[in-house]
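**Student:** In case you want the letters, here they are:
Protein chains: 2
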Amino acid sequence: MNLPAPSMGSRRFLSSLFLLLNLASTSLSQPLIRLYSKPPFSGDRKILRDDGLYCESWRFAVETNDAGSWTQVPSRCEQFVATYVSGDRYTSDSAITANYSSEFAKTVQIAGNGSDAWVFDIDETLLSNLPYYEAHGFGSETFDENSFDDWVDLAKAPALPASLSLYKELQQLGFTIFLLTGRSEYQRNVTEKNLRDAGYSDWERLILRNASDQGKTAIVYKSEKRSELESQGYTIHGCSGDQWSDLLGFAIAKRSFKLPNPMYYIS
Amino acid sequence: MNLPAPSMGSRRFLSSLFLLLNLASTSLSQPLIRLYSKPPFSGDRKILRDDGLYCESWRFAVETNDAGSWTQVPSRCEQFVATYVSGDRYTSDSAITANYSSEFAKTVQIAGNGSDAWVFDIDETLLSNLPYYEAHGFGSETFDENSFDDWVDLAKAPALPASLSLYKELQQLGFTIFLLTGRSEYQRNVTEKNLRDAGYSDWERLILRNASDQGKTAIVYKSEKRSELESQGYTIHGCSGDQWSDLLGFAIAKRSFKLPNPMYYIS
Numbered sequence: 001m002n003l004p005a006p007s008m009g010s011r012r013f014l015s016s017l018f019l020l021l022n023l024a025s026t027s028l029s030q031p032l033i034r035l036y037s038k039p040p041f042s043g044d045r046k047i048l049r050d051d052g053l054y055c056e057s058w059r060f061a062v063e064t065n066d067a068g069s070w071t072q073v074p075s076r077c078e079q080f081v082a083t084y085v086s087g088d089r090y091t092s093d094s095a096i097t098a099n100y101s102s103e104f105a106k107t108v109q110i111a112g113n114g115s116d117a118w119v120f121d122i123d124e125t126l127l128s129n130l131p132y133y134e135a136h137g138f139g140s141e142t143f144d145e146n147s148f149d150d151w152v153d154l155a156k157a158p159a160l161p162a163s164l165s166l167y168k169e170l171q172q173l174g175f176t177i178f179l180l181t182g183r184s185e186y187q188r189n190v191t192e193k194n195l196r197d198a199g200y201s202d203w204e205r206l207i208l209r210n211a212s213d214q215g216k217t218a219i220v221y222k223s224e225k226r227s228e229l230e231s232q233g234y235t236i237h238g239c240s241g242d243q244w245s246d247l248l249g250f251a252i253a254k255r256s257f258k259l260p261n262p263m264y265y266i267s
Numbered sequence: 001m002n003l004p005a006p007s008m009g010s011r012r013f014l015s016s017l018f019l020l021l022n023l024a025s026t027s028l029s030q031p032l033i034r035l036y037s038k039p040p041f042s043g044d045r046k047i048l049r050d051d052g053l054y055c056e057s058w059r060f061a062v063e064t065n066d067a068g069s070w071t072q073v074p075s076r077c078e079q080f081v082a083t084y085v086s087g088d089r090y091t092s093d094s095a096i097t098a099n100y101s102s103e104f105a106k107t108v109q110i111a112g113n114g115s116d117a118w119v120f121d122i123d124e125t126l127l128s129n130l131p132y133y134e135a136h137g138f139g140s141e142t143f144d145e146n147s148f149d150d151w152v153d154l155a156k157a158p159a160l161p162a163s164l165s166l167y168k169e170l171q172q173l174g175f176t177i178f179l180l181t182g183r184s185e186y187q188r189n190v191t192e193k194n195l196r197d198a199g200y201s202d203w204e205r206l207i208l209r210n211a212s213d214q215g216k217t218a219i220v221y222k223s224e225k226r227s228e229l230e231s232q233g234y235t236i237h238g239c240s241g242d243q244w245s246d247l248l249g250f251a252i253a254k255r256s257f258k259l260p261n262p263m264y265y266i267s
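Protein chains in written order, with the UniProt record's numbering: chain W, 1 to 267; chain S, 1 to 267.
A couple of the hints might just be wrong.
Straight-line Cα separation of at most 27 Å, DSSO-like style, residue types lysine-lysine; simulated pairs [claimed, not checked]:
hint, chain 1, residue 1, chain 2, residue 2
1, W, 193, W, 225
2, S, 193, S, 225
3, S, 254, W, 254
4, S, 106, S, 254
5, W, 168, W, 193
6, W, 168, W, 254
7, W, 216, W, 168
8, S, 225, S, 106
9, S, 216, W, 216
10, W, 254, S, 216
11, S, 254, S, 225
12, S, 106, W, 254
13, S, 106, S, 168
14, S, 254, S, 168
15, S, 254, W, 225
Pair ranges (Cβ atoms, derived) [what the hints assert, rightly or not]:
hint, chain 1, residue 1, chain 2, residue 2, range
16, W, 214, S, 267, 36 to 44 Å
17, W, 87, S, 235, 39 to 47 Å
18, W, 214, S, 188, 50 to 58 Å
19, W, 214, S, 79, 44 to 52 Å
20, W, 231, S, 87, 28 to 36 Å
21, W, 185, S, 217, 53 to 61 Å
22, W, 52, S, 70, 27 to 35 Å
23, W, 171, S, 233, 26 to 34 Å
24, W, 214, S, 197, 52 to 60 Å
Rather than coming from a laboratory, the hints here were simulated on the basis of the structure. Ideal Cβ positions, reconstructed from N, Cα and C, are used throughout, including at glycine.
Only chain W is shown next, with the shape it has when bound in the complex:
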């Protein structure tokens, strides 16, 4: 049953021969034997000793969630992260994420009754805390909640430009915007002020952690809140966040958009 019929076998044999010849002719610079006898990879261990390569791969693991929970940027990657977030790659990664979000949003059939929702996280999604992290080792220092809360109180975080332009486009398209943040209820006023000053307006609801949400992981808290939106009749088409805990769990959006963030991890 698993063997092809004879005529199929002959055809396959000829095709395989053709494939071999094809591989040989298109890979003249490399001996054919290499393709079959030697793995196209060098050893694993040596490669992770190179800081540049290691940090690129560490970022891959962080952004795909392969790394799981982590508390600080590895010391050997401090400069790598500083260079990344201060340079064009962070801007470019954020811009392409916004572009894919926008492309998807344009395919959504908007009902016109306000039920078509998009959920945004705030920190490192709508607002950038880069000025704070710039002064605190870009994630290489142990996170200090007090000094971060002081920064939040200043209400001076700039918008991530790609997110601001996406936000406005989604509103034009007719999406109802929900802001779902791990910030606490007592930070509502400064958060609203910061958002408005950075150019955001007309969100439907800003959801912050209240007393009963304290102590929950972000993934549970945010899933519960999305679930409430669904039971209120909203369809969550898109969700944008820099943490996987903004996107996974339950009541997941139809499409989730992971923004880059190699500075910190929230479970």
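With chain W fixed as given, assemble chain S onto it according to the hints.
**Tutor:** Relative to chain W, chain S alone:
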């Protein structure tokens, strides 16, 4: 209620002042005003015109699943992908993923009754089809099922070394290994031969698409099969795959490990 009590306010004011002074002192090379008045990003549109940056960001979007469904490597990124998969970064990204998988696996309490499972995808996870893709534009050509099936029939795909060493380590730790592939039942013999020749052995079960699975998306087919394993009493601790459709859906593993693959997308 949202306003801090007066004494709290005074403390916060002083802390904020301290933060400002701290920012000023640690960022001497950059005027303080920049931190607050100008977004730390340049314009979006210009940046995506640079091929090198664009392709790095395209890969970010592909590996995080932000890109969603795509059919071919963008022509402007052909060389980028060729360089990536032929070079150290692919090896390094695969190695770090295996390292994180191994770190997690070592934390699992093994019951000892064979119920602790790990699910591996095959193509671009256990086996590398790089020799095939090397001869077919590294994902920049339209996928040709016939020529790929001919390649599969050769049973000559090498192991991804990081995955092979992870596979053996998981067996040592006592995990029961399931192989769950989008390949079809008629490819069972060549697949088994290829796996053994590449160094794999002693898997519990090799699950391929049978007649009733044809036409299902990979994410549905693979979720159904994982769900069957769960109902048979297995606990799926880890799942390794190069496609998000290997990892998402339902009956999701406790930890999922996304291997790199910028050459193709399977929904």
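**Student:** Would you mind marking each hint as holding or not holding in the structure?
**Tutor:** Do the hints match the structure? See the list:
1. For the hint linking residue 193/W to residue 225/W, the alpha-carbon distance of about 23 Å falls within 27 Å, and the restraint holds.
2. Taking the CA atoms of residue 193/S and residue 225/S, the gap is about 23 Å. The hint holds against a cut of 27 Å.
3. Of the supplied pair hints, the one linking residue 254/S and residue 254/W holds, its CA atoms being roughly 21 Å apart against a limit of 27 Å.
4. Using a Cα cut-off of 27 Å, the hinted pair residue 106/S and residue 254/S holds, with the two alpha carbons roughly 14 Å apart.
5. Using a Cα cut-off of 27 Å, the hinted pair residue 168/W and residue 193/W holds, with the two alpha carbons roughly 18 Å apart.
6. Between the alpha carbons of residue 168/W and residue 254/W the distance comes to roughly 20 Å, so the proposed pair stays at or under 27 Å and holds.
7. Simply put, residue 216/W and residue 168/W have alpha-carbon atoms about 31 Å apart, too far for the 27 Å limit, and the pair is violated.
8. The straight-line distance between the Cα atoms of residue 225/S and residue 106/S is roughly 25 Å, inside the 27 Å bound, and the hint therefore holds.
9. Pair hint residue 216/S plus residue 216/W does not hold up; C-alpha atoms about 37 Å apart against a cutoff of 27 Å.
10. Distance restraint check for residue 254/W and residue 216/S: the Cα-Cα separation of roughly 19 Å lies within the 27 Å cut-off, and the hinted pair is therefore satisfied.
11. Between residue 254/S and residue 225/S, the direct Cα distance comes to roughly 16 Å. Compliance with the 27 Å bound is thereby established for this hinted pair.
12. At roughly 34 Å between alpha-carbon atoms, residue 106/S and residue 254/W are farther apart than 27 Å, so this suggested pair is violated.
13. Between residue 106/S and residue 168/S the alpha-carbon distance is near 13 Å, which keeps this suggested pair within the 27 Å criterion.
14. Our distance criterion of 27 Å between C-alpha atoms is met by residue 254/S and residue 168/S, whose separation comes to about 20 Å.
15. Annotation: proposed proximity of residue 254/S to residue 225/W holds, straight-line Cα distance about 22 Å (limit 27 Å).
16. At roughly 39 Å, the beta carbons of residue 214/W and residue 267/S sit within the given window of 36 to 44 Å.
17. For the pair residue 87/W and residue 235/S, the supplied restraint of 39 to 47 Å holds, since their beta-carbon distance comes to about 43 Å.
18. Checking the proposed 50 to 58 Å range against residue 214/W and residue 188/S shows it holds: the Cβ atoms sit about 53 Å from each other.
19. In this structure, residue 214/W and residue 79/S meet the distance hint of 44 to 52 Å, their C-beta atoms being roughly 51 Å apart.
20. Checked against the hint of 28 to 36 Å, the C-beta distance between residue 231/W and residue 87/S comes to roughly 49 Å, which is inconsistent with it.
21. The hinted range of 53 to 61 Å is not satisfied by residue 185/W and residue 217/S, whose Cβ atoms lie roughly 41 Å apart.
22. Against the hinted window of 27 to 35 Å, the Cβ-Cβ separation of residue 52/W and residue 70/S comes to about 28 Å, which satisfies the hint.
23. The hinted range of 26 to 34 Å is not satisfied by residue 171/W and residue 233/S, whose Cβ atoms lie roughly 50 Å apart.
24. For the pair residue 214/W and residue 197/S, the beta carbons lie near 56 Å from each other, so the given range of 52 to 60 Å is met.
Figure legend: structure checked against the earlier numbered hints; hints not met, in rising order: 7, 9, 12, 20, 21, 23.
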